[in-house]
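Peer 1: Work out the full structure, taking the sequences as your base and the hints as a guide.
Each chain, letter by letter, is given below.
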Amino acid sequence: MAQDSIHAADRLVTRGISVRVRRAGAGAPLLFLHGIRGFPDWLPFFERLARHYSLLIPEHPCFGASDDPQWLRSVPDLAMYYLDLLDHAYAAPVHVVGHSLGGWIAAEAAVRNTQRFASLTLLAPAGIRIKGIPTADIFMLSPEETARHRFYDQNFAEASLQAAPAPASEAEVDIELQNKLAGVKFSWEPRAFDPDLEKWLHRITVPTHVVWGVEDKILPSAYARLWAERVAGAQLSLIEACGHVPLIEKPDLAAEKILAFLDRVRA
Amino acid sequence: MKFVCFHLMPYRPLDLEAAKDFRSAWVVLPNSFYDPKKGAAEYDSYLDQLVYAEKLGFDAIGVNEHHQTAYGSMPAPNLIASALIQRTKKIKIAILGRALPLVGNPVNIAEEFAMLDVLSKGRIITGFVRGIGAEYHSTGVNPAFSHERFHEAHDLIIKAWTTPGPFAFDGDHFRLRYVNLWPRPYQTPHPPVWIPSMGSRETIVWASAPERKYPFLVTFSPQTAVVRYLNMYRETAQAHGYTASGDQLGWAVPVYVADTDERARKEAKAGLESLFNNFLPMPWEMLLPPGYTSNASLKVTMKMRPSLGSRPRNQTIDELIANGTAVIGSPQTVREKIERMREQTGFEILVTLPQFGVMPDALALRNMELFASEVMPKLR
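Those protein sequences? They're chains W and S, same order as listed. Counting in our numbering, the first sequence runs from 1 upward without gaps. Counting in our numbering, the second sequence runs from 268 upward without gaps.
You may find that some hints are simply not true.
What the hints assert, rightly or not - Pulled a few chain S residues facing chain W out of the computed Cβ check, cut under 10 Å:
no., residue
1, V294
2, P297
3, H404
4, G407
5, V408
6, P410
7, F412
8, R501
9, P550
10, W551
11, E552
12, M553
13, P556
14, P557
15, G558
Simulated from the structure, these hints should not be mistaken for lab results. Keep in mind that this is a model prediction, so the values were computed, not measured. Just so it is clear, CB atoms sit at the ideal spot from N, CA and C, and this is done for glycine as well.
Peer 2: Written out as structure tokens, the structure reads:
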């Protein structure tokens with residue numbers, strides 16, 4: 001990673017935009033783009049990836065404690081930002097893994113330019129729409145309904161509800177509000193998709209892997225097939241008994257599938 | 268003091284018990300609950316009430332815009348205003364207001380208001396609002412851009428009313444090669460603009476700016492909030508370098524008058540409690556989608572109203588009277604409460620809501636009569 005792009009231990013500056021990042025592991029570079037709920041906790045799933053890869057998890061601009069440039073107003077804007085980041089932060093192509101909103105951003109970036117991509121892994125990505133197959137209206141759901149929609153195994157929903165006390169500090173409240181604002185800004189209308197994305201998905205010519213929980217109640221797994229159809233040669237991995245967040249609900253299996261795909265790409 | 272007789276036109280035939288199965292009377296309450304034949308009778312009653320207000324001596328009658336809800340039956344309030352113009356002679360007609368960010372082209376709003384102003388020969392008062400949070404769900408407009416769209420739409424409408432056309436408008440949200448209003452507004456430079464609001468510092472700073480001096484109406488809020496926001500307006504005006512007049516300060520409030528406090532309380536109870544417990548409640552996700560208010564304002568709201576996120580608690584008429592959200596009682600009681608608010612704020616625009624919730628016509632009409640004969644004259 002280029003030293004001049006590192007502003008502080010946990011920040012990364014790209015063309016003046018400073019974002020929080022987590023870094024871990026060593027090996028070939030892997031960039032993880034998070035979903036609409038914001039900067040993820042350090043999860044066993046990431047631990048698995050970091051055993052083999054040099055993992056970078058940025059917090060998207062406009063989210064949490066990252067900078068909030070007012071001119072950055074859409075997922076295509078975020079995609080261009082990440083093309084900048086790939087140019088500035090890395091010397092060679094990078095394996096990109098994106099979950100949900102992060103998958104959408106990664107796909108938007110890839111249809112524009114795949115030069116900096118070694119591969120693309122999409123975990124239940126948002127970004128396209130199949131008429132007649134509605135996605136959940138996440139902006140209408142209560143916190144409890146949200147938890148119940150995210151997971152197939154309701155024990156995970158219970159656990160996430162138990163583990164969600166009132167934010168402890170003013171700073172945590174600010175981060176939560178900022179995450180919600182960013183989520184709305186990027187995906188309220190059209191609701192979590194870009195009408196101009198699907199028609200360009202053939203531009204994605206790097207090895208691509210689409211991973212989906214069969215029981216996803218946020219973005220139905222029926223979407224997985226359209227992604228696999230539109231991206232030539234894409235591999236499709238469906239995970240049984242899993243909801244929208246394989247990285248939490250099936251971390252070992254999801255990581256295994258991702259690592260196996262990356263092994264094949266590198267072979 | 269100026270008196271506005273305001274109406275929400277709630278859908279009273281609603282099956283209140285069955286409607287409780289849904290998370291709100293907004294957005295998600297199936298419109299199979301709406302019976303157009305009963306709805307037609309509702310319009311008849313409500314139009315009659317507003318028309319009667321002219322005879323009773325109110326200064327203005329008022330309507331407003333809400334979408335996809337049993338709370339109000341006026342998704343297009345200008346249609347009602349148009350009907351009122353035909354049935355009244357002199358009284359001002361206030362549309363409080365149109366939700367500017369929710370439309371694709373605000374010139375349509377400028378045009379309609381101009382038409383109404385010409386049709387009525389200058390009897391129109393306009394209101395500019397952002398719509399409530401639920402309406403960002405029902406229209407699909409992104410609440411993150413609500414403030415930007417409001418300000419840009421405002422600038423476009425005022426310019427369309429005051430600048431000779433055609434001109435081009437180069438906005439971020441609205442981009443028009445030709446803006447050229449036919450008809451132009453009847454009033455010069457344009458119809459009055461009022462700003463109804465639940466209250467926020469940002470709105471007050473903007474509305475009170477010397478180039479606008481828009482009358483600010485605090486709507487359906489506890490007395491402490493009304494006092495705070497109206498005085499915030501006065502102080503902000505001072506900071507802008509002028510003294511706000513009482514004509515810039517308004518209070519919108521459910522009012523009910525009967526010959527005794529006890530009778531007023533008894534008669535208003537079903538209407539008031541249905542307004543606050545059946546027609547108005549909605550969950551946090553609907554009321555305040557992210558972006559609808561600034562994060563700073565949102566934090567204030569979260570602190571002031573910690574119960575908002577959960578299922579709203581039923582409010583009783585006694586609580587609503589005690590905290591001043593509604594003004595209910597004998598003529599003397601009602602007079603005194605309004606006088607007291609005038610002493611505390613200097614406000615001179617009273618927007619009364621004489622029919623609320625399921626209140627039947629007979630009570631609404633008697634309320635209006637008593638208010639007009641026993642309360643209004645002594646406050647003028």
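Peer 1: Where does the structure disagree with the numbered hints, that is, which hint numbers, in rising order?
Peer 2: Hints 2, 8 are the ones this structure does not satisfy, whereas the remaining hints hold.
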